[in-house]
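Undergrad: Spelled out, the chains give:
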Amino acid sequence: QVQLQESGPGLVKPSETLSLTCNVSGGSISSYYWSWIRQPPGKGLEWIGYIYYSGSTHYNPSLKSRITISVATSKTQFSLKLRSVTAADTAVYYCARNLVTGYMDVWGKGTTVTVSS
Amino acid sequence: DFHMTQSPSTLSASVGDRVTLTCRTSEGISSSLNWYQLKPGKAPKLLIYSASSLQSGVPSRFSGSGSGTDFTLTISTLQPEDFATYYCQQSYSTPLTFGGGTKVEIK
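If you read the sequences in order, they're chains F and C.
Counting from 17, one number per residue, gives the positions in the first sequence under the numbering used here.
Counting from 195, one number per residue, gives the positions in the second sequence under the numbering used here.
None of these hints come from the bench; they were simulated from the model.
Bear in mind the structure is a predicted one, so any value in this text is a computation, not a measurement.
Heads up, the beta-carbon is just placed ideally off N, CA and C, and yes, glycines get one too.
Each hint should be verified, as a subset may be incorrect.
Now the stretches of chain F that chain C is said to cover, found in silico as 3 or more residues with beta-carbon under 8 Å [to be verified]: (1) 27-35; (2) 76-84; (3) 114-120.
Cut-off 30 Å, straight-line C-alpha distance, at most; resulting in silico cross-link-like pairs (DSS-like, lysine-lysine) [as the list claims (entries may be wrong)]: (4) F:LYS80 with C:LYS236; (5) F:LYS125 with C:LYS301; (6) C:LYS301 with F:LYS59; (7) C:LYS301 with F:LYS29; (8) F:LYS97 with C:LYS233; (9) C:LYS233 with F:LYS59; (10) F:LYS125 with C:LYS239; (11) F:LYS80 with C:LYS301; (12) C:LYS297 with F:LYS59; (13) C:LYS236 with F:LYS29; (14) C:LYS301 with F:LYS97; (15) F:LYS29 with F:LYS125; (16) C:LYS236 with C:LYS297; (17) C:LYS233 with F:LYS80; (18) C:LYS236 with F:LYS125.
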């Protein structure tokens, strides 16, 4: 059974780059899309973007200028980089497996990232 | 972008109740609508995909219906473990978008 686990710093300074990794275990990264989603405190879910296992990406236009999603060469991890962060980027960040039909059938538990000096 | 509106934002109910959550989209999305359950500290859980298909392993008390712009998630007999926040999500077009959520709380 596929399991996902997010990892990365819990605290990032304003204007710096937030970097998170999602470890995929119990299954292959191949033939799926892999998403990042976030939930700011007290707010709803926001889709950040996804990557196909081959490396093609699709980003939310609201964040496109600041994000990069990549697949590790090991093919067992994928990553998120969000540049020039502000307090508005404080959120729980989730990674998820995206079926081609667009729904997310496996999620990680999420990791909390706080942007603060 | 497709804007998703969920109602109510909070629903107070008792164990054993039948509850219905609503999701409305700004434009028609055919049946490309999915439902998730979120609990603090736990991985979100896919309940329903493509408007009415029950995800494997999800109890049959959960059901979904609708097409076009109006969708519902029904829990036929509310169980203690069902108190959570529920989100709808459209997969008709990117950017993928979610509703604002409905929190089901104990009455």
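Undergrad: All the hints need checking, so say for each whether the structure fits it.
TA: Now the hints, each set against the structure:
Counting residues of the segment 27-35 of chain F whose C-beta sits closer than 8 Å to any C-beta of chain C gives 0, which falls short of three, so the coverage hint is violated. Counting residues of the segment 76-84 of chain F whose C-beta lies closer than 8 Å to any C-beta of chain C gives 3; at least three are required, and the coverage claim holds. Taking a C-beta to C-beta cut-off of 8 Å, the segment 114-120 of chain F contributes 5 residues in contact with chain C, enough for the three needed, and the coverage statement holds. For the hint pairing F:LYS80 with C:LYS236, the CA-to-CA distance comes to about 28 Å; that is within 30 Å, so the pair holds.
A threshold of 30 Å between alpha carbons decides the hint, and for F:LYS125 with C:LYS301 the separation of about 27 Å falls inside it, so the pair holds. The suggested pairing of C:LYS301 with F:LYS59 holds, with an alpha-carbon distance near 23 Å, which does not exceed 30 Å. With a CA separation close to 41 Å, the supplied pair C:LYS301 and F:LYS29 exceeds the 30 Å bound. For the hint linking F:LYS97 to C:LYS233, the alpha-carbon distance of about 26 Å falls within 30 Å, and the restraint holds.
Among the hinted pairs, C:LYS233 with F:LYS59 is consistent with the structure: their alpha-carbon atoms are about 14 Å apart, no more than 30 Å. Between F:LYS125 and C:LYS239 the alpha-carbon distance is near 10 Å, which keeps this suggested pair within the 30 Å criterion. A hinted pair counts as satisfied when its Cα atoms are at most 30 Å apart, and F:LYS80 with C:LYS301 does not qualify at roughly 42 Å. The hinted pair formed by C:LYS297 and F:LYS59 meets the criterion: a straight-line CA distance of about 12 Å does not exceed 30 Å.
Pair hint C:LYS236 plus F:LYS29 holds up; C-alpha atoms about 26 Å apart against a cutoff of 30 Å. For the proposed pair C:LYS301 and F:LYS97, the alpha carbon gap of about 42 Å is over 30 Å, so the pair is violated. Simply put, F:LYS29 and F:LYS125 have alpha-carbon atoms about 23 Å apart, close enough for the 30 Å limit, and the pair holds. Straight-line distance between C-alpha atoms of C:LYS236 and C:LYS297 comes to about 15 Å, which keeps the hinted pair within the 30 Å bound.
For the suggested pair C:LYS233 and F:LYS80, the alpha carbons sit about 29 Å apart, so the restraint of at most 30 Å is met. Under the criterion of a C-alpha separation no larger than 30 Å, the hint pairing C:LYS236 with F:LYS125 is consistent with the structure, at around 5 Å.
Checked against the numbered hints above, the structure violates hints 1, 7, 11 and 14; every other hint is satisfied.
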